[in-house]
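Trainee: Chain residues, written in single-letter form:
2 protein chains.
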Amino acid sequence: MFIETATRSVAKSLSWRVLATLTTFSLVYIFTGQIETAITVGGLEVFVKMAVYYLHERGWNKLNFGRKEIRPVVVWLTGLSGSGKGRLSEKIAEWLDSKALKTERIDGPSVRKLFPELGFSRPERIGHIKRVGLLVSTLEKNGIFVVASFVSPDQDAREFVRSLCKNHIEIHIASPFDYTRNEKHRMLVERAKAGEIENFAGINEAYEEPQNPDLRIDLSNEEDEVALQKIFQLIEQRMHAG
Amino acid sequence: MFIETATRSVAKSLSWRVLATLTTFSLVYIFTGQIETAITVGGLEVFVKMAVYYLHERGWNKLNFGRKEIRPVVVWLTGLSGSGKGRLSEKIAEWLDSKALKTERIDGPSVRKLFPELGFSRPERIGHIKRVGLLVSTLEKNGIFVVASFVSPDQDAREFVRSLCKNHIEIHIASPFDYTRNEKHRMLVERAKAGEIENFAGINEAYEEPQNPDLRIDLSNEEDEVALQKIFQLIEQRMHAG
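Which chain is which? The protein sequence lines are W and G, in order.
Quick note on our numbering: the first sequence kicks off at 1 and runs consecutively.
Quick note on our numbering: the second sequence kicks off at 1 and runs consecutively.
Any given hint could turn out to be false.
Since the list can't tell identical chains apart, any single copy or any two copies may satisfy a pair.
Said to hold, decoys possible - Restricting the straight-line Cα-Cα distance to at most 20 angstroms, the calculated cross-link-like pairs of lysine to aspartate or glutamate (EDC-like) are:
(1) K49 with E222
(2) K130 with D178
(3) K91 with D156
(4) K113 with D156
(5) K230 with D214
(6) K141 with D97
(7) K113 with E159
(8) K62 with E4
(9) K113 with E124
(10) K12 with E69
(11) K184 with E209
(12) K12 with E57
(13) K130 with E183
(14) K130 with E117
(15) K99 with E117
(16) K113 with E198
(17) K166 with D214
(18) K99 with E4
(19) K91 with E223
(20) K102 with E69
(21) K91 with E4
(22) K49 with D156
(23) K130 with D107
(24) K166 with E94
(25) K230 with D218
(26) K12 with E208
(27) K68 with E4
(28) K99 with E196
It should be emphasised that the hints constitute simulated quantities derived from the structure, not laboratory data.
Quick caveat, the model's predicted, so the values are computed rather than measured.
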């Protein structure tokens, strides 16, 4: 992060005033041939323009024309393992970045890499998602957009996260298990089905479907691009809503 | 968060150019009495000033004079319950705010209010502080200063937090137990001494003193103001260090 110091602004203002006034002085001198008139006009311009500039700024400050309030959005993607949450959330974060909005992407695997001791039992999961909620809501409070993708199978935990946020969008990625495009993933699902992995949401653990998600998307029925357009439109609405 | 749309900037630029040129036109007309000269100078000014402004901007972009890089800092206060961490961290956050730096303050009680189920056993504490580390380092990554005050008695957990951050200051508030100015606090300490409260760091639980804190402050020996000046100076150094 760079800041422009007051010294730099003062120096820049002075150098601009000198250049601008020299320009006016030269123009007047060229067209009138009178050095005295050129000096008088140039000299007066220094002060008159400062006053005009000041009034111009104050006037604009009173006008709301072209001013837009942006409210950061927390986009929460929930859905089964392999449903395509991660792929979409990457695209959403890229899109937000491309609009020069500060964006943080966060997902289960990256957080669990930091905390390998985290279990998958119901109380551990719920505690985990709640703490992620503190993270995303603190980011939101500081003007940062968040794209979070977590299986987050527990309704309670999701509601807690929503309650912490001011501008929260819940997207249910409802693609079925057989949708997954990833071979490694398919193997995980097979192993869970064989009982080798415990607490696997949708197989040997409940996935509590969101009752009123802002969007529900099934990527086995819908192209990524179409789904993304819906999501982008919803984010646009929410970031501009007063 | 408000943004100025491109439309607003265009409208503002145009209205400024009209005003500025009308000013020049009027000055020339008043001092020469020649309307033609005034029109020629004013008309030419529109184009000449735009070119001069552009060159002025480009020139300044190449100059680093007055440009300062700011790196957000994570200020971590560790110390016994009642040592004065909270009081100092409030002042530090106020000071950062007063410099128009985005700042988030976070402490044990406020986080534990959100997660009442959090215990105080060693593994619970360590897990808790590590997760706080993810929060503070994500904020730092997004350009936000953090002032965190936690007893955080475990060296491992503190080291983990430091390892996640890029620009981390550890301050050990080393005031002794009998320092506390708070009556409620004194009672807590008495109860812990009587064995009524478990896992109370410094009484029936180890407080592992930081080995190499960036600062060590004992508020029973030092006025708040003096301590704060040292802290502010250190933060200033670190936020400007390349």
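Trainee: Run every hint past the structure and note whether it holds.
Mentor: Now for the hints, and whether the structure bears them out:
| no. | hint | in the structure |
| --- | --- | --- |
| 1 | K49 with E222 | neither (59 angstroms within a copy, 53 angstroms between copies) |
| 2 | K130 with D178 | neither (29 angstroms within a copy, 36 angstroms between copies) |
| 3 | K91 with D156 | neither (28 angstroms within a copy, 37 angstroms between copies) |
| 4 | K113 with D156 | between (24 angstroms within a copy, 17 angstroms between copies) |
| 5 | K230 with D214 | within (11 angstroms within a copy, 50 angstroms between copies) |
| 6 | K141 with D97 | both (18 angstroms within a copy, 15 angstroms between copies) |
| 7 | K113 with E159 | between (25 angstroms within a copy, 17 angstroms between copies) |
| 8 | K62 with E4 | between (25 angstroms within a copy, 14 angstroms between copies) |
| 9 | K113 with E124 | both (16 angstroms within a copy, 18 angstroms between copies) |
| 10 | K12 with E69 | between (29 angstroms within a copy, 18 angstroms between copies) |
| 11 | K184 with E209 | neither (25 angstroms within a copy, 46 angstroms between copies) |
| 12 | K12 with E57 | both (18 angstroms within a copy, 9 angstroms between copies) |
| 13 | K130 with E183 | neither (31 angstroms within a copy, 33 angstroms between copies) |
| 14 | K130 with E117 | both (17 angstroms within a copy, 11 angstroms between copies) |
| 15 | K99 with E117 | neither (37 angstroms within a copy, 40 angstroms between copies) |
| 16 | K113 with E198 | within (19 angstroms within a copy, 32 angstroms between copies) |
| 17 | K166 with D214 | within (15 angstroms within a copy, 37 angstroms between copies) |
| 18 | K99 with E4 | between (23 angstroms within a copy, 13 angstroms between copies) |
| 19 | K91 with E223 | within (13 angstroms within a copy, 53 angstroms between copies) |
| 20 | K102 with E69 | both (15 angstroms within a copy, 18 angstroms between copies) |
| 21 | K91 with E4 | neither (33 angstroms within a copy, 25 angstroms between copies) |
| 22 | K49 with D156 | neither (61 angstroms within a copy, 62 angstroms between copies) |
| 23 | K130 with D107 | both (13 angstroms within a copy, 17 angstroms between copies) |
| 24 | K166 with E94 | neither (22 angstroms within a copy, 24 angstroms between copies) |
| 25 | K230 with D218 | within (12 angstroms within a copy, 57 angstroms between copies) |
| 26 | K12 with E208 | neither (59 angstroms within a copy, 52 angstroms between copies) |
| 27 | K68 with E4 | between (24 angstroms within a copy, 6 angstroms between copies) |
| 28 | K99 with E196 | neither (44 angstroms within a copy, 56 angstroms between copies) |
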